[in-house]
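2 protein chains.
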Amino acid sequence: MSDELPTGPKESPPALRAGPREVWKKGGRLLSVLLAVNVLLIACTLISGGAFNKVAVYDTDVFALLTAMMLLAGLWILFYLLRTVRSPDSVPYRDSHAGPIWLRGGLVLFGICTLVMDVFKTGYYSSFFECQSAIKILHPLTQAVFVIVQTYFLWVSAKDCIHTHLDLTRCGLMFTITTNLAIWMAAVVDESVHQAHSYSDSNSSTSHTRLALDLERAGSTVGGDCSCNTAVCQIFQQGYFYLYPFNIEYSLFASTMLYVMWKNVGRLLASSTHGHSHTPSSVSLFRETFFAGPVLGLMLFVVGLAVLIIYEVQVSEERGRAQQALVIYYSFTIVCLGLMTLVSLSGSVIYRFDRRAMDHHKNPTRTLDVALLMGAALGQYAISYYSIVAVVVGTPRDLLAALNLAHALLMIAQQTFQNVFIIESLHRGPPGAEPHPTPPKEPCHGLTFTNLDALHTLPTCPPTPRLVGPNPAGPQEAVGSIVAPRSPWKRRCLKDIALFLLPCNVILWIMSAFGTRPHFSNTVEVDFYGYSLWAAIVNICLPFGIFYRMHAVSSLVEVYVLS
Amino acid sequence: MSDELPTGPKESPPALRAGPREVWKKGGRLLSVLLAVNVLLIACTLISGGAFNKVAVYDTDVFALLTAMMLLAGLWILFYLLRTVRSPDSVPYRDSHAGPIWLRGGLVLFGICTLVMDVFKTGYYSSFFECQSAIKILHPLTQAVFVIVQTYFLWVSAKDCIHTHLDLTRCGLMFTITTNLAIWMAAVVDESVHQAHSYSDSNSSTSHTRLALDLERAGSTVGGDCSCNTAVCQIFQQGYFYLYPFNIEYSLFASTMLYVMWKNVGRLLASSTHGHSHTPSSVSLFRETFFAGPVLGLMLFVVGLAVLIIYEVQVSEERGRAQQALVIYYSFTIVCLGLMTLVSLSGSVIYRFDRRAMDHHKNPTRTLDVALLMGAALGQYAISYYSIVAVVVGTPRDLLAALNLAHALLMIAQQTFQNVFIIESLHRGPPGAEPHPTPPKEPCHGLTFTNLDALHTLPTCPPTPRLVGPNPAGPQEAVGSIVAPRSPWKRRCLKDIALFLLPCNVILWIMSAFGTRPHFSNTVEVDFYGYSLWAAIVNICLPFGIFYRMHAVSSLVEVYVLS
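Listed in order, the protein sequences are those of chains L and Y. So in the numbering used here, spot 185 of the first sequence is number 178, and the numbers just go up one at a time. So in the numbering used here, spot 443 of the second sequence is number 436, and the numbers just go up one at a time.
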């Protein structure tokens, strides 16, 4: 979604420019996108081939590819860091919207968990070192180094708008994004294979093992004395599968931050960072809420954790207990999703009375956020619609089917209304920026900068000193002077809503990411579509659904700060 | 890819505006996108469910859904046409880039073929009317009416920038797009099922019939005296499968034109249609070329048709003849793709010496063209990479494997270089618009209009008469006066290149669309991935590959006109 409104205000006057303006920015981007698409497709081919037992592509091939990609991307990152340290002039502007502190904080947190996972993986493969290919130990070690280098790089440079070696930087960034997406794909595939394995174990019917089982293959190639029998090895194996969700989120967070950097390559900004500040004052962190939202959200969070534990314990037992676990799980999620839907809806209603101006400034971070929220929701939408068709057409008339239908419908409603609320929140101007009865200030503001930009470059259009203020604070002061204070209850309500939705999304993320799979425990869809088709649908769509939750969390933090 | 440059020049001065400017355009778009996504997912669920034999969703369900959607979309179109006829003020601007004549011409052509297909389908289902559900005859009849109404609508209104009932119009357009995409999906799935059926017939091994066979089911439900045994019925059945490619292209062409209309809802344009005219003078249609391009292209086209006929005749015969047919097919495509790669590459080289300014104006049609070219290429890329992995890892060492590898590599190279050439061509300014040694005129041009826009709305910024020319032709005249004539050989070369690539893309489209499937005749990939996985890959990716060819043709026509 590209803004059609004048994007002038954030462009800088030419006097501040580091180098000549690019002739054709899209051409440079095209090259790097072509590189990324091709590398990603090669990775995708090998990873998907490696997931199937019948296909003669082995996991060592995938590990070798990923290791090579991480080494290359790591080298490029080091080169970038060296270059920007040596010539600070190459980064003349920094995008204040990019890489906010909570995103970087989340990245560090997930990065640390990924490092622990790498330790576990190294330990696991070291347990039977003599029977394994060396690449299986080299891979987690390389990944650990890559994660450290990349996290430092994103912490330092996430806001950069670099202006030298444009094409090289774009290609490097795109290659690093590709590396992260390839790691994500490999992790998702490995987890799906693991899930399929444990499902076929619990059902012990061989006809259902459609997806190739990596573990089985590993067991057969390892053979005899090389199998993972020691207690330490078992712990390592269990541990690294439980840490996969963090690795997955790390890769996705890193990809989004790298993408914003890629959009910012060669971008011209006004040096005065116009726009809302992203650092909330820690003193007033909870003072401006009614406390109802966060308290209710935390209660749901705790109940959700209890439900998760009950579910995990009961679902693998005999049929009656499993049914009970499913009923508890569905009841909880239905209540949770229902409340979230109502709360998001009331947030949208509040905005109907809110008279803050819409923020039309160009903001790659926000555009990406909106696209990801809408795109990632598709995954859960698809699963829900397949469930609805299975229940409605298959017409099973029992409690579980009814709960399943309600769950699917509420999931669609909740994601839709939450997306509408978040996207509308992200597009509101900073607090206190109510529009004046006279027309909005944007064009005037844009005018000043566009003039500066245009008049300097064009000898045929001499500058008009009256319009071109030498200091850009002028029009901002003018805007500031007409600001009216906003009614505080609206603001408090919006903050409460954000703080309620936040823990709810976290608990839904934890439930999906750490292995509740009602999709398979519940037999409605498996019977209707057959195991292989339903497993393909869930395994392709669910990773997007899980990513949606975590991305909604990071967006809700932003909504809370902006409200 | 959104332009970051000032998009001012095409915005109109406020005096020309029909209504008040929308507060938040993205909000209105969001609603219609949400509607479209949900409807599309429901259709996708039913259509994919209907394709599998085991799933209890039947083709009558799919037909009923499609018929309902077409009726609704048709009613909305009639409502739109009535409204715009009654109040011509609601369409104050027309986008000169939208719906060029060759796109509308192509739409009419494909629409006529779709009507013929509908006649055949009605005839086929009428042959055993008593054993069929009525919806199977109702569906092609409704489709015929829908095609007529929609083609008329797009012929008349493709350029409209409507300014009343914004949200309703957006939702209506999105719903119509969704209807077309659902028709496309249903046609693609039906064709894939048909292909799988004929493949399993020729191989007559039951283990390969993974995809549900609609026809078998039809045969079994029809039973006894209701089967399609008469000669007329057979002709109808054969005929409508051969006409599917036109129906598929019709739906996609209509979708792209509707999408551009959707982007243009509520758009403000200068009433003087700035930009290059799209109507080529028919006198000079071929005069400005060297004739080498079109002649060589037509020769390849004719040879390709001969190869196609040989292939179709020989491939279903015994093993030796089939092998020979594959060698002929691969040899021809390798030569064709190799030549196309070289020619595209030389086109890009010519642009390195071309000093025309890049056209940075906002142009939804072009943005969509670029996105579709890049996106549709992914389909063929994916097939090629899977082929490459199968040949390289599977290591069969015979002539066919070598030809297959060369074919896959050249396919990637050809699509990449052709995309680069087309996208660069679309972004060049109109012929003769060479940049002056002084800085580009864009900002000055943008300045004038931005000023007009901003100054009128802002009482705090009084208009400066010196900058605000009352007639927008002023700055354009200034641009015109500094234009230098371009060397004609470059122009001729570019036209030649476009006219060479055009028939080549047409013949490659014909080959894929009318049923050459070397992917399955050649056993390398089927043996490596197994039939079900390989069929899934090809059946999902190939429709995009076929669409790519037709879309490249329409873009090349534009390149030819612009050069």
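Keep in mind that a hint or two might mislead.
Pairs involving identical chains hold if they fit within one copy or between any two copies, as the list cannot separate such chains.
[Stated by the list, open to error] When the alpha-carbon atoms are kept at most 30 Å apart in a straight line, the in silico DSBU-like pairs for lysine-lysine are as follows:
| # | residue 1 | residue 2 |
| --- | --- | --- |
| 1 | K19 | K129 |
| 2 | K129 | K47 |
| 3 | K129 | K18 |
| 4 | K18 | K47 |
| 5 | K19 | K483 |
| 6 | K483 | K47 |
| 7 | K483 | K18 |
| 8 | K47 | K19 |
| 9 | K129 | K483 |
Hint data in this document are derived by calculation from the structure and do not stem from the laboratory.
Practice prompt. Since the copies are identical, ignore which copy is meant and state whether K129 and K18 lie within 30 Å (CA to CA) inside a copy, between copies, both or neither.
Written response: neither (41 Å within a copy, 51 Å between copies)
Within a copy, between copies, both or neither: where do K483 and K18 come within 30 Å Cα-Cα? between (42 Å within a copy, 24 Å between copies)
- Task: Tell me, please, which holds for K47 and K19 at an alpha-carbon limit of 30 Å: within, between, both or neither?
- Result: neither (42 Å within a copy, 48 Å between copies)
Checking an output row: K129 and K483, CA cutoff 30 Å. Within, between, both or neither? neither (55 Å within a copy, 55 Å between copies)
First find the shortest C-alpha distance between K129 and K47 inside one copy, then the shortest across copies, and answer within, between, both or neither for a cut-off of 30 Å.
within (21 Å within a copy, 40 Å between copies)
- Message: For K19 and K129, with the copy left unspecified, which applies at a CA distance of at most 30 Å: within, between, both, or neither?
- Response: neither (40 Å within a copy, 48 Å between copies)
Margin query: At most 30 Å between CA atoms: does that hold for K18 and K47 within a copy, between copies, both, or neither?
Written below: Classified as neither: same-chain Cα gap 45 Å, cross-chain 51 Å, threshold 30 Å.
| message | Regarding K483 and K47, is the shortest C-alpha distance of 30 Å or less found within a copy, between copies, in both, or in neither? | response | neither (59 Å within a copy, 53 Å between copies)
Quiz prompt | Up to 30 Å CA-CA - K483 versus K19, copy category | solution = between (42 Å within a copy, 23 Å between copies)
Hints 1, 3, 4, 6, 8 and 9 from the earlier list are contradicted by this structure; the remaining hints agree with it.
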